[in-house]
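Undergrad: Just so you know, the protein sequences line up as chains X and P, in that order. Going by my numbering, the first residue of the first sequence is number 1, and it counts up by one from there. Going by my numbering, the first residue of the second sequence is number 845, and it counts up by one from there.
Bear in mind the hints are in silico, worked out from the structure with no lab data behind them. The model shown is predicted, which means the values in this text are computed figures rather than measured ones. One thing to keep in mind: the hints can contain errors.
Taking lysine-lysine and the DSS-like style, the derived pairs with C-alpha atoms no more than 27 angstroms apart in a straight line are [unchecked claim]:
#	chain 1	residue 1	chain 2	residue 2
1	X	K497	P	K1503
2	P	K1230	P	K1217
3	P	K1230	P	K912
4	X	K497	X	K440
5	X	K698	X	K440
6	P	K1197	X	K497
7	X	K698	X	K813
8	X	K97	X	K347
9	P	K1217	P	K1197
10	P	K1503	P	K1299
11	X	K347	P	K1341
12	X	K740	P	K1584
13	X	K659	X	K705
14	X	K353	P	K1503
2 protein chains.
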Amino acid sequence: MKPTRRLSDADAASPAGHICRGEAVGHIINRTLKPAIAATSVAILNPPERQLNDDASQAPLSADDLRKLDAYWRACNYLSVGMIYLRANPLLREPLKPEHIKRRLLGHWGSDPGQSFTWVHLNRLIIRDDLNVMFVSGPGHGAPATLSNSYLEGYYSEVYPDRSNDETGMLRLFRLFSSPGGIGSHCTPETPGSIHEGGELGYSLSHAFGAAFDNPDLIVATMVGDGEAETGPLATSWHSNKFLNPVQDGAVLPILHLNGYKIANPTILARIPHEELEALFIGYGYKPYFVEGHDPQEMHQKMAATLERCIGEIRAIQQHARASNDTTRPRWPMIVLRSPKGWTGPKEVDGHKVEDFWRSHQVPVLDPATNRKSLQVLESWMRGYKPEELFDADGRLIGELREIAPKGERRISANPHANGGRLRRALHLPDIRDYAFEVKNPAATYQSPTAVLAKFLRDVIRNNMTNFKLFGPDETASNKLDGVYEASGKRWIAETKPEDSDGGALAPDGRVMEMLSEHTLEGWFEGYVLTGRHGLLATYEAFVHVIDSMFNQHAKWLEKAKQELDWRAPVPSINLLITSLVWRQDHNGFTHQDPGFLDVVTNKSPEVVRIYLPPDANCLLSVADHCLRSQDYVNVIVADKQPHLQYLNMQDAIVHCTKGIGIWDWASTDEGHEPDVVMACAGDIATMESLAAVEILKAQFPDLKIRFVNVVDIFRLMPDTDHPHGLSERDFDSLFTRDKPVIFNFHSYPTLVHKLTYNRTNHENIHVHGYRERGNINTPFELAIINGVDRYTLAIDVIDRVPRLRDTGAHAKNWLHDQVIESVGYAHAEGIDRDEIRDWTWKA
Amino acid sequence: MKPTRRLSDADAASPAGHICRGEAVGHIINRTLKPAIAATSVAILNPPERQLNDDASQAPLSADDLRKLDAYWRACNYLSVGMIYLRANPLLREPLKPEHIKRRLLGHWGSDPGQSFTWVHLNRLIIRDDLNVMFVSGPGHGAPATLSNSYLEGYYSEVYPDRSNDETGMLRLFRLFSSPGGIGSHCTPETPGSIHEGGELGYSLSHAFGAAFDNPDLIVATMVGDGEAETGPLATSWHSNKFLNPVQDGAVLPILHLNGYKIANPTILARIPHEELEALFIGYGYKPYFVEGHDPQEMHQKMAATLERCIGEIRAIQQHARASNDTTRPRWPMIVLRSPKGWTGPKEVDGHKVEDFWRSHQVPVLDPATNRKSLQVLESWMRGYKPEELFDADGRLIGELREIAPKGERRISANPHANGGRLRRALHLPDIRDYAFEVKNPAATYQSPTAVLAKFLRDVIRNNMTNFKLFGPDETASNKLDGVYEASGKRWIAETKPEDSDGGALAPDGRVMEMLSEHTLEGWFEGYVLTGRHGLLATYEAFVHVIDSMFNQHAKWLEKAKQELDWRAPVPSINLLITSLVWRQDHNGFTHQDPGFLDVVTNKSPEVVRIYLPPDANCLLSVADHCLRSQDYVNVIVADKQPHLQYLNMQDAIVHCTKGIGIWDWASTDEGHEPDVVMACAGDIATMESLAAVEILKAQFPDLKIRFVNVVDIFRLMPDTDHPHGLSERDFDSLFTRDKPVIFNFHSYPTLVHKLTYNRTNHENIHVHGYRERGNINTPFELAIINGVDRYTLAIDVIDRVPRLRDTGAHAKNWLHDQVIESVGYAHAEGIDRDEIRDWTWKA
């Protein structure tokens, strides 16, 4: 570790002020040094870059460079306007007429010029320094900027040959754009060069950091919309810099696009004093540079100088860190680009301010097809870009402008990281058999499934130190996955203290990513897999709902990419381990009981979602192994962290999980015949209670023919016509019979099973037990009883449903009812611990 | 409006520096003034409060005050420890023995001392200044602090007489605490004085601002956990200060509890340099005060001085604003309390650091029941608080300490705002008949339902200018609710520009709350209703999933409060208007198509959730009226913003919505007889398509007996045994028949209808059409066709399902198939606008 330096020293020593490592920071921030810091902070908060921006002599662009760069930018802007308006006459070869205008005007103009402005300036430095740059477009509905650049770079036409690099192709691009169902007006999976869906807002920065992790040469330039910046997920994702290792990871260069407006309102960050804005980003740990203005010529010089400086600082930070293996958190640069909304568009239309106002957010001139004056405004706006100087007779960008765009994979639109499946390397996975929990007899021993998984994950990490990450919101240890710390610590690029090595150690190169923000974790994870790497996110069941919407959007991305976009290579799956399950949330209570994420998942396309409920540790291993090998899915694994009974040895577990559903002969009494009743179950706790019910029934009714069916892969319940994992009608009927009662004990809300099986032959005999929203629970077993997923209630249900037991079972029913009452009564006694209850109930 | 002042002037002029209103800020931040600002920002970023904290002479507490205050705090801490550990010997009247220790140790100690510390200091100023203070406890699992204080203030025993204010009651409190199912270890609805559920983290500040809105005399002291502070929702909710009007609203005093650790990790904010932390909160627009240290005596003086100063500033800000009607955004004070985690607990246990480390997050001493040394550590820790000096012979807090707690409703635990139903005033609602859209003939005219609703909401606002708010994420106008701006503008307490009056005007007293953060809006809204006021939140259907988890938690809160807590008075409902619906998201595409929020809602307790799908504008009015009158629900209303056909006049709409489901005779041909087929529908677009299908069928098969059933209240589909709105088996069968085909056209995912109706007599004949995840859509009508919710596919399904049409319908089927193909083909032509398609298809 490097000797600790004072902040002011660090500032002086390197172009980017390194923040001092924590050991000594406590001292620095102590009372006696505070006056010194007060002085230091002046320097920090008024850094030299302010002078840079104010210094008119900073003009790195020659007149010729400036002319070309501006021309290229005008070409982008011209194309953006063309996409919104034109269905004919794409190059304005003739005067604009109403019939050239689209009949439905859609798309978003507001952020396009600023985004293109940034892109073309990035191009300059990509060429100059041979940079590897990705672009993440946060202001979602500004796709014309990305599309224009991608089209001008030629990559768009390579991917979509029908939108060729000539007048015909340009017209086709224009007509398809935001023609409903054509090309989206926000960045979609169809957009080359993008890993970021621009529909829902808030994830640009976390996606960017996910892309930058373990990609040391990559610079992820990220436009953050000032609207998007108001969302919670975005607001906290600035702190991702505390997890980015300057030695091993690439860089993220955030560019806050402060163009001032959302759809119909100013943005908050545009309406606070400059010094608050500056303080905010210093507070987030960045070194903010401001590029502010509206005159393109001045702005080009400012942006060129600022970007040069930022790239220089990034390189200096990385060189320093890598030369000296100093992982101290640097103060990474960022840019605040304060340019007018709808920059270069009409200043005023019909007496309303448009440029630099929310009225330029979408379509600035509303009725050019029907209003002559509007048509003139549009024509004069478009001709202002001088298309005749930008495109040749074929409609292709002129040669001298083509030259200032990067080539090949250096083109931002063609950056291979943005089609991460192309870079995907399969994980080097250890053999799960080596991690098996020994099961000699089923249901005889207890073990925590996640603790077993942890050993496997530990070695997955060891074998894949640069392309696998484990994510968790401060719960890795709580979820009993702390075995992974033997392989690697928790990523931490902030201050440290000596005691941080006690327990899972903090480490600048840790492979475990912990931050108390499910949004940021999921965003990192998505960015990481979309650039071709692997991971697993473990989180509390009740709170995975925090990322419902992110899951939805990622599943939609996968569906589009997989089903419609051959050019996108498959990416590793998102693997979500849902743990700390509802049935062990007696102590945390009602708020921590919510198994409903599965309902959200089952609504998404069957092509991209998978749900597994392994009943024990070896099944969890088998399922996890399968998921880590898969691609283009969101895999949801539901497995508790508490010790549970173990049933299957490794070989049986592999067979069982591969089938996804199966009869457990050792728990059944039907001996291959038509049973009296089917006891079905899905989920570890549900399985245990079903097995216990079978034990009770065996004792009470030795002649009863019971078939025990365990479901791991919940989509096996669906018809094969509706889901690739679905069972045919015949297979389903052969498992569940056509007319016998099925007592289905389910981990989650019971209606989910009905939703999946409503059209099965025997559906009216499927009786599902599961969680329902009720409060006031005292023990895990009482939680089971109150919800009717306990052994006694299950057994009673069997007696009620099997005709021949209705009379003979009366005595047993009474006994079972007594057991329920006694259990609840016993549980109400204070101070009974959970394990004791569980042991007691199991033995009962 | 006040004349604009320079920031530095403002700082000099008033105790809290007012930020200058925007009109002139643009000038201030221009190039020429930048050097001046650079100087100013030094003053801002090193404000005088830093000196305050460093000034040892600031000691407002007399020796006697200090002694009592510390004793009171020790009593809180003693009780907190007692809750975690003791099942007997609550006052340590005898030496501690293993059998006095609970057999299962649960609960969270870490944040308790800091929270109680803050509470007791608030008490001092409540008494001194007769303040009206609420407390929001963000560090969720620190309920012992809230419980201790509530118990010492006596209010806890008033609410729960079995936990009386004596030794018996104390023991009962100890034993119930975190005994599974007893008293939660985080703040739950059962906690008096709390409106904030402490399970999921991230919403303390937005809840606090919601409580403060329109409560001018209220101060909401809000502990923000430094773990919680990492969540996205919390990170952006600091910006709520841009929406708080110092004239009309109360104050929020955030206290960031920087105790450094989460469950098993340091927190980010505790591991950044002091100057970054300070800059961050200045950037968020606050004036941060730091109270840092570990010595209780010093910390008491610091906290007393700092709280005095903060309360003084709040009062000064309010007096200034109210005397001069100056709504300029003030720089509200906030406190950073950097105290050790597990403060006053064991410093070290078994060689591990505990105090000031994450090991004190939950239970610091793990095994006192079985380890003699641990028992000694615990006993010596507890005796360190000197319980014998704090509690009298009866186990009651001694008199001189009782005196330093506030009395009656000034007790934080008894603050009536925290049981907001007690303060609830019914809305003054205008008569919906006055806003009716005229419908002479069904299905003859188009209208935007939300535009009609807007007029009603406009007058709801007008009539209830201090207890109703409309919330929306920058989409009020986009959702065609901009009619409300006639009554009131958009709340904005930040810089403004002259052009801001164009369109819905920004206004410091605006009743419309717009911020691009669904989390913050929902948090404000929850805080607002839990303190007894009313509102409605309108949001895009696809992105309401952003707040799935907040919805879940609020529904759970309501379920608990309503079903189990008689002492909590009913609160106004949360009303969510879901609009910009899936069926009109052809242009925004796949990402904007997600009607699955309803699945999440149907998983929650039937006692607290309601879903309405009004088919037209008058039904929307009727439903909205009903929802605004209701209490203790989450009402979800699904209604599109686009123009739709209108069916029912106001009187019929009221009757129909009151029934929630009904036969539309004018669309049916069964004339009261058993029909051949039931055409059922729910949702505006689904209803239109079903009606169109009926028109086609009438023309093709004049003898066909069709029954048309429209569903507004989706829970009518459930059995009356499962939901209070459910239909009895008999009523359901009389509507849907026992054996005839039911072609159900549904707004959302089709499986939801199966989930609700799976056990109905006629279920196997219910064929549901609805949204499925598929991409590549060109027009709204193609979206309908691809999902099979269009008129042609519905009609084809009828032909397939009605036995006697199977032969005679062959010709019609062919014709219908041709229509489908033609529609899709036609739609594929570029540039066709949506209205045209709709008109065309309707007339087809």
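Undergrad: Now, for every hint given, state plainly whether the structure supports it.
TA: Going down the list of hints, with the structure as the test:
1. With a CA separation close to 65 angstroms, the supplied pair K497 (chain X) and K1503 (chain P) exceeds the 27 angstroms bound.
2. With a C-alpha separation of about 20 angstroms, the suggested pair K1230 (chain P) and K1217 (chain P) falls inside the 27 angstroms cut-off, and the hint holds.
3. For a cut-off of 27 angstroms, the pair hint linking K1230 (chain P) to K912 (chain P) stands: about 13 angstroms separates their Cα positions.
4. The straight-line distance between the Cα atoms of K497 (chain X) and K440 (chain X) is roughly 46 angstroms, outside the 27 angstroms bound, and the hint therefore fails.
5. In summary, the hint linking K698 (chain X) to K440 (chain X) is supported, as the alpha carbons are separated by about 22 angstroms, within the 27 angstroms threshold.
6. A distance of roughly 12 angstroms separates the Cα atoms of K1197 (chain P) and K497 (chain X); the hinted pair therefore holds under the 27 angstroms criterion.
7. Our distance criterion of 27 angstroms between C-alpha atoms is met by K698 (chain X) and K813 (chain X), whose separation comes to about 14 angstroms.
8. Taking the CA atoms of K97 (chain X) and K347 (chain X), the gap is near 22 angstroms; set against the 27 angstroms cutoff, the hint holds.
9. In summary, the hint linking K1217 (chain P) to K1197 (chain P) is supported, as the alpha carbons are separated by about 16 angstroms, within the 27 angstroms threshold.
10. A hinted pair counts as satisfied when its Cα atoms are at most 27 angstroms apart, and K1503 (chain P) with K1299 (chain P) qualifies at roughly 25 angstroms.
11. Restraint check for K347 (chain X) and K1341 (chain P): the C-alpha separation of about 16 angstroms stays at or below 27 angstroms, so the hint holds.
12. Pair hint K740 (chain X) plus K1584 (chain P) holds up; C-alpha atoms about 26 angstroms apart against a cutoff of 27 angstroms.
13. The hinted pair formed by K659 (chain X) and K705 (chain X) meets the criterion: a straight-line CA distance of about 23 angstroms does not exceed 27 angstroms.
14. Under the criterion of a C-alpha separation no larger than 27 angstroms, the hint pairing K353 (chain X) with K1503 (chain P) is inconsistent with the structure, at around 49 angstroms.
When held up to the earlier numbered hints, the structure conflicts with 1, 4 and 14 and fits the remainder.
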